[in-house]
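The residues making up each chain are set out below.
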Amino acid sequence: MTIWDRIMNLDRRWIYLCIAVVVIIPAVVSFKVPVATTPEVKKVFDFVDKMQPGECFYLGIDYDPSALAELDPMTYAILNQAFSKDLKVIIGCLSQFGVGMAETRLAEMSAKYGKKSGEDYCFLGYRPYPAICILTMGVDFRVTFPLDYYGVPLDSLPVMNGIKNLMDVKGVVDITAGNVADFWITYGNGRFGFPVALGVTGVMSADYYQYLQSGQIFGLISGIKGAAEYEELSGFETTGMESIPYQTLSHAVILLFIIISNVGYFATRGRKGK
Amino acid sequence: MKKQIPIYFVLVSGIVMIIQYFIPSEESEWLFTYANDWVIVIGIFALALGIWSLLRSEFKKLKNPKEAFYAGTVLFGYFIMVFTALTREGREAGTLHMNLFNNILIPIQATIFALLAFYIASAAYRAFRARTVLATILLLAAFIVMLRLIPLGPLSAINQTAVGWILAVPNMAAKRAITMGVGLGAIATCIKIILGIERTYLGHD
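As they're listed, the protein sequences go chains A and B. Everything in the first sequence is counted per our numbering, starting at 9 for the first residue and increasing by one. Everything in the second sequence is counted per our numbering, starting at 742 for the first residue and increasing by one.
It is worth saying that the hints were derived from the structure and are not from the lab. For glycine and all other residues, C-beta sits at the position ideal for the given N, C-alpha and C. Do not rely on the hints blindly, as some may be mistaken.
Unchecked claim - With a cut-off of at most 35 Å between alpha-carbon atoms, the simulated DSBU-like pairs for lysine-lysine come out as follows:
hint: 1; chain 1: A; residue 1: 124; chain 2: A; residue 2: 178
hint: 2; chain 1: B; residue 1: 916; chain 2: A; residue 2: 58
hint: 3; chain 1: A; residue 1: 51; chain 2: A; residue 2: 120
hint: 4; chain 1: A; residue 1: 51; chain 2: B; residue 2: 916
hint: 5; chain 1: A; residue 1: 50; chain 2: B; residue 2: 916
hint: 6; chain 1: A; residue 1: 178; chain 2: B; residue 2: 744
Stated by the list, open to error - Simulated restraints on C-beta separations:
hint: 7; chain 1: B; residue 1: 765; chain 2: A; residue 2: 194; range: 32 to 40 Å
hint: 8; chain 1: B; residue 1: 789; chain 2: A; residue 2: 33; range: 34 to 42 Å
hint: 9; chain 1: B; residue 1: 814; chain 2: A; residue 2: 175; range: 42 to 50 Å
hint: 10; chain 1: B; residue 1: 922; chain 2: A; residue 2: 32; range: 52 to 60 Å
hint: 11; chain 1: B; residue 1: 752; chain 2: A; residue 2: 60; range: 45 to 53 Å
hint: 12; chain 1: A; residue 1: 17; chain 2: B; residue 2: 909; range: 37 to 45 Å
Sequences and hints are given; from them, build the entire structure.
In C-alpha cells form, the structure reads like this:
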C-alpha cells in the first residue's frame, strides 16, 4: 500500500485527533487574529449606535444552548452597547429555549449596568407560534404578552409607556438559530414594514444574503466571525474575539486536509488511469 | 358531515383572510386580530394534545423492559423541568429550574453541537474532492469562503471581496430561486387546501 492509498483511506480518528489538538492550542497559547468588519455587521452596529438615550428597540433572543457559542457573544455585545447608551430594550423569545438563555444573560447584564426590569428594559418571556406572535405584536404587544416574564402587566411598566406595537420601536434585531428569522422577514418586515436585522449562525448566513440585498433585512451578523466583528466595532469584547483563534486554526486544518485529500485523489486516479 | 364542515370552514375563512389582507381599514384590522386570537386558542388546545400524546407514548414504552430506562429518564426529566417552572418565581435566575437549565441542558446541547466540528472535518476530507467540474466549483467556493477566517496578509482583502461576491451573486441567485419555488409551491398548496382539493390535513378517519 503506497502513501497515497493510505491518505485516501485515512482513518477518521486521525482527523478527529488533529481537530482536537488544534482546538486545544489556543486555550494554552493565547493569540489574537485580526478581524475585518463587513458592511452587513456595521449596519447593525450603526443602527444601535445612532439611537438616542431613551429610544427603544426590540431584541429577539431565539436560540438554543446548541448555538450558544456562536450567538451568545452577539447578545452580550448588543446588550452592552444598548445599556451603556441608556437605550430601552424590549426582549422577547419566540423559541422555547430562548427564554432560559435570555433570563440568565439579562440578569447578568442588567446587574452590570444597574438597569431595572420594567424601567430600563422589558423582558416579555416566551410565547409559542412565532408567526402569530409577530403578527399580533405588530398590532399590540399586550395581545401577545399581557404580562411580562415576571408577571407584571405591560401597562404598568414605565418602559412600555407610549409603546403600543412593533411600529413604535426603532427596529428589531433578532438573534436566532432557527426559522424564527424567516417569520420576522415574512410577517414582520413583509406585513408591517418595520426594520429587521438578524444575528444568525454561520451555516444559516448564506440563506439570508438574499434578504439583505432586497432590503428586507438591513443588517446581518453571521456566526462567530460576525459576533467578533460586532465586538470589534462596539469595543465590548466577550467570547466572540476569543473564539476566533479556535475557529481559524480548525478551519486551517480542515483546509489542509482537503488539500491532502485532493492530492491523494489525483495521485491515485492517475495511477488507476495507467 | 365530518369532512364537509371543516372543508366549508376552511374555504370561507381562507377567502375572508385573503380579502382582509388587501383592505386596509379598522374593521379589517379587528378581523385580523380576532382571527389571530382564535389561532392562539386553537394552538393552546393543540399544545395540550401534544403533551398528552407525548406522555401516553412514553408511558406505553415503560411497559417494555428494553425501552423502560430511556422512557423513564425522559419522563423524569420532563416532569422535573415542568414542575420546577410552574411558578413565575421558579423561573428566575438562580432557581432550581434555571440551575437545571444552565448546568444540565446547556452543557448537553452545547457538547452535542460541538461534536459536529469533528464530523464536518471528516466529511469535508471525503466529500470535497475534485471528481467532476461541478464538484470542483463547489470545492473552490468552499475553499475561498473558509479562507476568510485565516489571516492572509495583503491577500485577505482580495479574499474578502471574493467571498462577498460568492455570497451575494451565485449563492443569492440559487437561494432566491429555491425560495421563489418554495413560495409558489406554498401558494399552490394553500389554494388546494382552501378549495378542498388537498384534504390530508383532515386525517384518515
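Here's how the hints hold up against the structure:
no.: 1; hint: 124/A / 178/A; in the structure: holds, 21 Å
no.: 2; hint: 916/B / 58/A; in the structure: holds, 32 Å
no.: 3; hint: 51/A / 120/A; in the structure: holds, 26 Å
no.: 4; hint: 51/A / 916/B; in the structure: holds, 22 Å
no.: 5; hint: 50/A / 916/B; in the structure: holds, 24 Å
no.: 6; hint: 178/A / 744/B; in the structure: violated, 47 Å
no.: 7; hint: 765/B / 194/A: 32 to 40 Å; in the structure: violated, 18 Å
no.: 8; hint: 789/B / 33/A: 34 to 42 Å; in the structure: violated, 51 Å
no.: 9; hint: 814/B / 175/A: 42 to 50 Å; in the structure: holds, 47 Å
no.: 10; hint: 922/B / 32/A: 52 to 60 Å; in the structure: violated, 44 Å
no.: 11; hint: 752/B / 60/A: 45 to 53 Å; in the structure: holds, 50 Å
no.: 12; hint: 17/A / 909/B: 37 to 45 Å; in the structure: holds, 39 Å
Hint compliance for this structure: hints 6, 7, 8 and 10 are broken, all remaining hints hold.
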